[in-house]
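Engineer: Residue numbers (numbering that gives the first Met the number 0), protein chains in the order written: chain W, 0 to 349; chain A, 0 to 162; chain X, 0 to 388.
If you're looking for bench data, these hints aren't it; they were derived computationally from the structure.
No experiment lies behind these values; they were computed from the predicted model shown.
Watch out, some of these pointers could steer you wrong.
What the hints assert, rightly or not - Chain A regions said to be covered by chain X (calculated; three or more residues, Cβ under 8 Å):
| hint | region |
| --- | --- |
| 1 | 44-56 |
| 2 | 67-76 |
Unchecked claim - Cut-off 27 Å, straight-line C-alpha distance, at most; resulting in silico cross-link-like pairs (DSS-like, lysine-lysine):
| hint | chain 1 | residue 1 | chain 2 | residue 2 |
| --- | --- | --- | --- | --- |
| 3 | W | Lys246 | W | Lys226 |
| 4 | X | Lys188 | X | Lys37 |
| 5 | A | Lys120 | W | Lys339 |
| 6 | A | Lys120 | W | Lys87 |
| 7 | A | Lys83 | X | Lys304 |
| 8 | A | Lys120 | W | Lys192 |
| 9 | A | Lys83 | W | Lys343 |
Glycine included, each C-beta is placed from N, C-alpha and C at the ideal position.
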Amino acid sequence: MQAGIVSYGAYVPRYRITPAEIGRVWGSDGEAMGHNLNVVRKSVPSPDEDTITISTEALRTALLRGAIDPQEIGAIYVGSESHPYAVKPTATVVAQAVGATPNLTAADFEFACKAGTAAIQTCLGLVGSEMIRYGVAIGTDTSQGAPGDALEYSASAGGAAFVIGRDRVICRVHRTLSYTTDTPDFWRREGQKYPSHSGRFTGEPAYFRHESECARRIMEAGGTGPKDYRHVVFHQPNGKFPQRVGKQLGFTDAQMRYGLVTPYIGNTYSGAALIGLANVLDHAGPGERILVVGYGSGAGSDAFDLETTDEIARFDRHHGRPVQWYLDQGVELSYAVYAKFRGKIHMGGE
Amino acid sequence: MSIARFWRETPRRYNLGGSKCSTCSTVYFPPRSVCPHCTSHRQSIEKMMPFQLSGEGEVFSYSVVHEAAEGFEMQVPYVVALVKTVEGPMLTGQVVDVAPEEVRIGLRVHATFRKLREEGKAGVIHYGYKFAPVEEPGEAPAARGPSVPVPKAEAAAKDRATA
Amino acid sequence: MREVAVLGVGQTKFGELWDRSFREIGIEAGLEALVDAKLSSSDLNALYLGNMASGTLIDQEHIAPLILDYAGLAGRHLPSVRIEGGGASGSLALHQGYLAVASGLYDYVVVGGAEKLTDVPDATASEITSSAADHEWEVVFGATLPALWALLARRHMHQYGTTREQLAQVPVHAHAMAARNPNAHYRNKLTLEQVLGAGPVAEPLGMLDCAPFSDGAAAVVLGPLETARKHTDTPIRIAASEVACDTMALQHREDITTLASTVEAARRAFGRARRAPPDVRVAEIHDGYSISALVALEDLGFVEKGRAGAEFSSGTFGPGGRTVVNPSGGLKAQGRPFGAVGVAQVVEIVRQLRGEAKDRQVPGAALGLTHDVGGTGATSVVHLLERGN
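Just need the whole structure built from these sequences, with the hints factored in.
Structural biologist: Structure representation (C-alpha cells):
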C-alpha cells in the first residue's frame, strides 16, 4: 500500500485522578479496583477542554512535526463518542482551527472506541486512490462513566491525530483488516449522559473475541506471526485486557511496552489505541514492524500491519510533547474538583 | 453573544490571523484596515496584508480573576494575561495549565485552543485561543516549537518580510 | 467663544435606591439644579443626558426625551440628547453642553447624568459595565473591567515598585472623606487591614479596591458667564473642558501604566486655562479601582510618574494636603452610578468652590479639577473649574 503515516501528534489533558480517590467517595476499595484494572490514574479534561480542543491540539502538533501545509489537507475525520454536539461536526471546527478550510471534506465518525482507526482506514482509501494528498484521522474522547460505576475508574480524556499521505511516509501500512459483528456490549442511547454496559459480557464475547480474531486474521493474511512484530498495540479499556489478549495471542510484555498507555492516563476510548501507537512511534527507529488492533463496542476491531521507514529517522519530533511526557506528568484532583470539572454537579438555574 | 458576531471572527479567534502594514511592516492583532503607526496613515488603507501569528509570546502582565466574567464561573480562579507575542502584538487571554501562583511577568507561553464559553446548555460553544506555559518546571527549554501551523503561502510572505 | 459658567447643581443620594426608578432620580437631580440656578424652565434651551447602558440595565433606550417629559418639559419640545462614553458619559454630556453654550447657539442648558445599576443582578451589572472595554478582544477572553485594571496595577507594581499597601490607602482615604458626605453610598470608615483582608476580585485588586455599583443621578445648569450674576452670587467658570481618546483595548497600548488619554486631556486643559497642576486645590478624580486613582494623579501631573503610591500614602492628597483629592468620597465611597459620575464630580467641585461643602469644605479652594474615565482609558475627560469674578 502506497499510503502511510506521514505525521502524528497526541494530546492528553493535564489533570489526573486516582482510583483510590474515586473509591473513597463511593465507599469502595478504589486502590484494589485500580490494581484489578491496572489503572494507576486517569486523565481529566479542564472545564474548557473537549473533543474539539483535544483534537485540534493533537493535529496542530502533527502538522508542525510533518511541516505539512494545512491547505493541502483533503479530508479530516474525527472519531469520537463524545463529540460536543450531537448535531454539528467536530471536524469542521478542527479544520478551521488548523487553517485547512475550505477545500476539504470533513466528517465525524462514531464507532464507540474504534472510530479513530476507522477514520485511518478511510483516509488510506482516499489517499491511496489519489483523491486527496493528505487525509487526517483523529481519535479523541472525553468519556464519562456514570458516577460510582466501574467505568468511572478508567474513563478518561485524550486523543491522537494521524496524517495519512504518500510522500515522506514514516510508517508504511502493509495491510489493514477489520472484524465486525453486532454485539451489544456497551452503548449510550440518544439523550443519555452516561453510557451503559453489559457487565461481564463486555469481556469474552466482545473485546476478547474481536481483538483476537482480528489479530489472527491479519497475521494470517500477511503470513506473519507475533515474533515478526517489534511492537503490538491493542485497544486498552483498562490496563489488564490488552495484557491478557496479548498473552493469549503469544506476544510478550516487551512487545507491548510502549503501546500500553492506559495504566497512566486511563481509557481514552477512541484515543486509546492511537495514543499507544503514537507512543510506539515516539520510540521507534527505521524498520520496526508494528501490529495495531483497535476495538469498538457494538462491535468491531480494526487491525493494521505497519512498518516504520527510513524516513522516521529524519522525522522532527520536536514540536508538541511526546506521549511519555503525558504519562509522567499531571496534576491530581480531588473527587470534588473532578466532579465540578466534569459537570457532575447540578448548578443553579439548570 | 450572537452566533454571527462570534462566527465572523473565528479565523482570528481560532487561528491568530492578524495583519501587517505593507508600508511600515508593523504587525497587528486583531487585523486592522488602516495602520495607526504608519507616517503615511492614509496610504496604508487597502494595503494591510494578512499575517499569521505563531502564538509564541510571554506574559506582560496578569491577574488572577476570582469574580468571573459570565461563562467563566467554573474556572475560578483563572488567570487573565496580556501576552506580548514574538511578532509584536499584545493579546489578552487566559493562561491555562498552570497554577495561578506560578504565573509571573516574563513567563514564556504559547497559544492553545480551548473553549471560551457556551451559550447555555443548549446553545453553541465558542472556541478560541488561550495560552499555556511553554515548558513545565524542569522541562528542557524550547521543548515546544511554534504552536500554530502556518500555511506555506503565508510562511513565504513572512520570510520575505523578515529578509 | 463665550465663557461658560455653572449656575446650579443638583444630585440625588447615591446607593442602592430600591424604591426609586430611573426616571425619578433623573428628574430629581435636574429639578434641584434648576431651582439652585434660580432659572425657570422657560429659560431652558436644551438637555444633555449622560448615561452608559440604560438599554441593557433597564431595557430602555431613548431616555433623553423620557427625562425631559417627566421633568414636565415635553410641551416645550426642547432638544434632548443622550451622550454615551462608558463610565465617562456624564463628563462627555457636560462637554457637549459646554460647547453648545460656548458657541452661542444655546444660552441655558441642563446637563444630567443618571444610571440605575441595581435593577439587574450584580453579575449582569458586571457583564454590562465590562462592555466599556473591548468586548470582542478583551471581555470574550475572560477579562472583566476589574481584571483589566488589575493588569495595569500589576504592571505598575512591576515597573515602579508600587505596593499592595499603597493601593489599599486609596479606598481608606475615600471612605474617610465620604463619612462627611450625606449623599454617599458608603459612609463607614475603612482600615488598611480591612482593605487588605477583603476577598480578591482580580488580583492584585480586592473587593474593597473596587468602586461599587450604585444608583444615582446628578445635574448641572450651564449658562453664559456674562449674565451669570443674575442667577447666582457665586458663578463657577468652566476654565477648560477637554476630551481625549485612546485605543479601545489595553492590549494596544505601548505603556499600560499610564492613560495617554488622561495625559493629553490634562495637557490640553491646563494649556487652555493657562494654569498648572499645583494651582489645583481640590480635585475629583477617577478612582473606580484603587490603581485608577494612583495612575490618574501621575497622568494629571500632580506627581511624577511612578511616585503616586508613595505620595498618596504620605498624605499629600488628604485633608490639609497640597491638593485635596475626592472630598466627596469619589467613585469608591460616594458611589459609582456610571453615567452620573462625571456630573457628580462637577457638582462636588462647584460646591467646594462656592464654599458650600460644609464639613468637608477644602479651605481656599479657588481652582478645581474633575477627571472622568471610560473603560480603561479609551476616553478621558478633564474639566477645570474656578470661581467666576
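Engineer: Next step is simple, just say for each hint if it's right about the structure.
Structural biologist: A quick look at each hint next to the structure:
1. Beta-carbon proximity to chain X at under 8 Å applies to 0 residues in the region 44-56 of chain A; the threshold of 3 is not reached and the given coverage is violated.
2. Residues of the region 67-76 of chain A lying with their CB closer than 8 Å to a CB of chain X number 6, which satisfies the three-residue condition for coverage.
3. Restraint check: the Cα-Cα separation between W/Lys246 and W/Lys226 comes to about 12 Å, which is no more than 27 Å; the hinted pair holds.
4. Under the criterion of a C-alpha separation no larger than 27 Å, the hint pairing X/Lys188 with X/Lys37 is inconsistent with the structure, at around 36 Å.
5. Our distance criterion of 27 Å between C-alpha atoms is met by A/Lys120 and W/Lys339, whose separation comes to about 15 Å.
6. For the proposed pair A/Lys120 and W/Lys87, the alpha carbon gap of about 15 Å is at most 27 Å, so the pair holds.
7. Proposed proximity of A/Lys83 and X/Lys304 is supported: the alpha carbons are some 23 Å apart, at most 27 Å.
8. About 13 Å separates the Cα atoms of A/Lys120 and W/Lys192, which keeps this hinted pair within 27 Å; it holds.
9. Only pairs whose Cα atoms come within 27 Å are accepted, and A/Lys83 paired with W/Lys343 is rejected, the gap being roughly 37 Å.
The earlier numbered hints that this structure contradicts are 1, 4 and 9.
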